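> Residues per chain are reported as follows:
There are 4 protein chains.
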Amino acid sequence: MLILMRVGATEDHIQAVVAVIRQHGHEPLVLPGEDRRAVGIPDALSPDERINLETILGSLEFVSKVTQTSRPYKLASLEFHPERTQITLKGVQLGGGGPFVIMGGPCSVESYEQFAAAGEIVKQSGAQVLRGGAFKPRSSPYAFQGLAEEGLKIIKQVGDETGLITISEVMSPDLVGLVGEYVDILQIGARSMQNFPLLIEAGKSGKPVFLKRGPSATIDEFLLAAEYVLAQGNPNVLLCERGVAPLDRSYTRNTLDLAAVPVLKEHSHLPVVVDPSHGTGVARYVRSMARAAMVAGADGVMVEMHPNPKVALSDGAQALTPEQFLRLTAELQELERFLAALESRP
Amino acid sequence: MLILMRVGATEDHIQAVVAVIRQHGHEPLVLPGEDRRAVGIPDALSPDERINLETILGSLEFVSKVTQTSRPYKLASLEFHPERTQITLKGVQLGGGGPFVIMGGPCSVESYEQFAAAGEIVKQSGAQVLRGGAFKPRSSPYAFQGLAEEGLKIIKQVGDETGLITISEVMSPDLVGLVGEYVDILQIGARSMQNFPLLIEAGKSGKPVFLKRGPSATIDEFLLAAEYVLAQGNPNVLLCERGVAPLDRSYTRNTLDLAAVPVLKEHSHLPVVVDPSHGTGVARYVRSMARAAMVAGADGVMVEMHPNPKVALSDGAQALTPEQFLRLTAELQELERFLAALESRP
Amino acid sequence: MLILMRVGATEDHIQAVVAVIRQHGHEPLVLPGEDRRAVGIPDALSPDERINLETILGSLEFVSKVTQTSRPYKLASLEFHPERTQITLKGVQLGGGGPFVIMGGPCSVESYEQFAAAGEIVKQSGAQVLRGGAFKPRSSPYAFQGLAEEGLKIIKQVGDETGLITISEVMSPDLVGLVGEYVDILQIGARSMQNFPLLIEAGKSGKPVFLKRGPSATIDEFLLAAEYVLAQGNPNVLLCERGVAPLDRSYTRNTLDLAAVPVLKEHSHLPVVVDPSHGTGVARYVRSMARAAMVAGADGVMVEMHPNPKVALSDGAQALTPEQFLRLTAELQELERFLAALESRP
Amino acid sequence: MLILMRVGATEDHIQAVVAVIRQHGHEPLVLPGEDRRAVGIPDALSPDERINLETILGSLEFVSKVTQTSRPYKLASLEFHPERTQITLKGVQLGGGGPFVIMGGPCSVESYEQFAAAGEIVKQSGAQVLRGGAFKPRSSPYAFQGLAEEGLKIIKQVGDETGLITISEVMSPDLVGLVGEYVDILQIGARSMQNFPLLIEAGKSGKPVFLKRGPSATIDEFLLAAEYVLAQGNPNVLLCERGVAPLDRSYTRNTLDLAAVPVLKEHSHLPVVVDPSHGTGVARYVRSMARAAMVAGADGVMVEMHPNPKVALSDGAQALTPEQFLRLTAELQELERFLAALESRP
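Chains as they are written, first to last, in the numbering used here: chain A, 2 to 347; chain B, 2 to 347; chain C, 2 to 347; chain D, 2 to 347.
Chain A on its own, in the form it takes in the complex (with noise of 0.2 Å):
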């Protein structure tokens, strides 16, 4: 941590900050400078410590700025754990360079005949994991909410019938019991990142979870939401991006920032998946950014596809039709050889 003063502080204003530091049991190292002195502390801090320290002495008077020197997120760094974390379900391994991870499926369970339909051609297009939301967080009180506890019945009957790998969204703390009893991976959504009593529950249940990023949320943000979930003794999270709070609505729903993935993947160990469906919120521009997340190095897409998106009950005009979603993953598919092919080469 590095304290900045402000250009006119006095030999006095520096030893209450050293003083401060002092107190908390560090030895603070005063720098010199021409027109402005700083003081550093050298020792690593307990995250407890930098925001009480950071708190205390950025309302010192005549400090001008406290700089962390460090990311604030442990577990979920690459430094502090080098190897790579893969995940296995099924007999699939998820990330940890693993094959790419092609999750599909609609927006919503609508009934067993919607959803076993999806899981047909999810299965047939040799993507390994099927998605379907059952509790649906819906910006109106009026729009579709989903078939709860009978959606999920059909996840695992569905998933159980085809062999996939589940994932649905859980939306409060008392439903992670719930859910994790029927699907493979929880996850939680874009609009849930940042609700600590759910990260804190899902960790606690040892499940793997899908954590999307908020559409406001940094990257320290985001890792340390996640580091929410590893400090339960968790180790199982995928990090997926979806899209920021975009400058634009018009044109798409989201900014799909997709320089996040080597981002994360250079600051982090944990698995990166792309929503490139709720990423734009249109079809026809889904299947180049899957293929733009392939190539940007991330292990995994989730994309929506809809047995009949124009009867779809929610967000149907971003999902694919069947024929469209065979077309992708087949692609992908190309692509991932293609791309292993580049790599090997000397």
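Don't read these hints as lab results, they were simulated from the structure.
Since copy identity is lost for identical chains, a pair holds within one copy or between any two.
Restricting the straight-line Cα-Cα distance to at most 20 Å, the calculated cross-link-like pairs of lysine to any residue (SDA-like) are: (1) Lys66 x Pro43; (2) Lys205 x Asp175; (3) Lys66 x Glu80; (4) Lys266 x Ser251; (5) Lys66 x Leu46; (6) Lys66 x Glu55; (7) Lys66 x Asp44; (8) Lys91 x Gly127.
Computed from a predicted structure; not experimentally measured.
Following the hints, complete the assembly by docking chains B, C and D onto the known chain A.
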């Protein structure tokens, strides 16, 4: 709803749109145009119908754009509910032309002594509402998380002793009942603005709900979140502007969107409160932003104050000292009298 | 154009709207509605009329909203100009289904030696365009500002020696003539996207114009800026996505909006190029974002490369080394062949 | 400047950093640390050196982050220039503790009659500055572009007749001389904030410069733009906050960042003016935002007023009527007296 066709749409494309609208029981109006045509639906649509029709029509061939011609919220709308909402608690009127409401207190309840000291200052200042967090949403899992039920008991005790209205945050639906037993107003934080199970539970509780705007929430999303509470039959919602995701994080923590005050007052009947403490994240900008909120037409402000901010366990950098708080409240009261006199001029 | 009335508008309010529209020579269409009414203008409006009518009608009493039912650009629009623009320079086709265009070179021209070394690498890589700044827009007045005309002469010389197409930025209208004498393509930087006198002058010059999207420009504003150039009778415009204002500045300098590629290709006939160097500001993210740009459907990329980035006078942190550049261009060429093969499948 | 190493950096990596710093003539200070080390440069660096060193050091192996420990602007900084700037024109003091400045007038000069009528109202209101555009930056090439020199002549004439200070926008460096002949203050618009040739030319002119913040400009970028003018030896710069790129364009055109007022006043000695007309884009929000700007500590406001906004050729929807303008200025004058009385209390 207006469906704009692409240039080159044929009569068949128009008829496909017309057919869908008639299937849904409405009579379309085909609008002529020189370079492109459009189809209008003059009927009022239920929110459900609007969403379904938008999705289905938007995915038809040669449809260029589907435009909503009305706002998505109804219960929160001033157009449909022209009388402004006023909430009366412990004999004090909040909103609806009542006195300017000042809510003060520490970020977190730390001990009875700390909170009683805060309560005494709030009482002395003439402010009406005492705030304090018992359950704290913190970006980092390592930061202080609050005293939980112990904190709620302290809030209740100090509320009873001072006669002040109390408010505290609730973060998950299963705790709505517990928090509601101890405090007068349930606060729903910015990170929970779209925690729909929480909104529904808070709505059902019948307790007044203080709803903070999410950092990337549009005005429509904010009012739809309020609509979730109102739709449960709970009319007592206060809206709080607390800053949106900033374009520059190096001087303030958020960008306080003060123009949201007149916008919300124009479109909704609900009281509007501004939080300049979180809205800037810097104690020395709170005074100017609190004053600005009043003259911008807000019904109140929520301000962080700590008996001793330098030892606060959370958010100390943005809390006022007791002296600063007393000075600010005195100024706001004078400014309120001045503005009332100004308004009453012929 | 559609004029939506407020709830409670009377026949008199409707007639006031109708009268204004008739004054402007158009025949309005009054649309019935259950809870509110609307007035449409079926005629095609000139851009001038649209702006005037929107302003006047929007300020009438009981008008709730004026909605544009068509896009504001015409010359840049694919709907009105269904053939894709292709620009041919020195025998190379840019855009319009031609080969993927790679533009490489240093941020600034520093000396003949440096730029000739860069040119040689660009030539060797098979890239088609050599870039280099002679006039540099720099946020700080204290940063290196470029070699000016001396730099242009170096660009011309190296362009002649290598046969590469050259591009360099022009920052003010009075320099359009000078820069145009020395280089093949005029670059208009992101900070100049709405420098209208510059756009007009560049349009008049007839030289191909490479227009970068401003950091907070919407798609409509971007295409309207292109429209300024096109409206001068200059059809040769290339659009460049280079990142928008980021929500998080701590890992990347901008947020590269790759979904803008399919959006622009859907709505405009102009070639679309992506700049991953400025779009991220970090050399080690350039490779993944350049590859992603290609598979997203871009017509080309512009990449910073410096013979020795560690001694670059500007933007060294985002420039590739010659080795990295050669590896990237080779990969892009293989990827291009792969994608062409993929497209040509039945 | 502080160079933070990655975890695992060896003594060799540290020595590479040390060597670069010594090559540049500075003595580094190696800081110990438990899990990672850092190197500080205690010397004051010239802006040039800072940029070069940041670039070079940032690209070295095992360097994690280079942190600037001071702000990049000097001439605009209150720390280095503790006396607040006051500009005197036609006997009126702008900024520096002088009276609150009100600038009013139409978006565009349309005719002598229109502008003289506007001037009369501004004069009558007690406002000090008359604004009007002769050269108009318009997003669309089809919108009204202004009367050019004809408009400047009208401004000069009405300025002479009323004795008001005049201000008008200049959009390109070659017109600085021309505009400067006719008006008292050169306005540089938001879209031109980083038009560096224009900033330099305006700086050289010696005329007072009214600099608007760009819609995505950080505070540092804004003050660096002012620094460009100041660095030419022209001390007369006024800063104008006029709204930043909004997260929601459906109710206001921009997000007025009123907290920028106390931020700018804390870090710079330059006068700060707020433009609530462009800052919201809606005439009926101008009153509340203008009042809020004053209590937030601004030195003045710029407000659009048109003798007849319903026939204005540009931006009519945001212009006040003469009646609204007179009422607002009267209120602001009363509010100013009230605030002065409030400040002078013991």
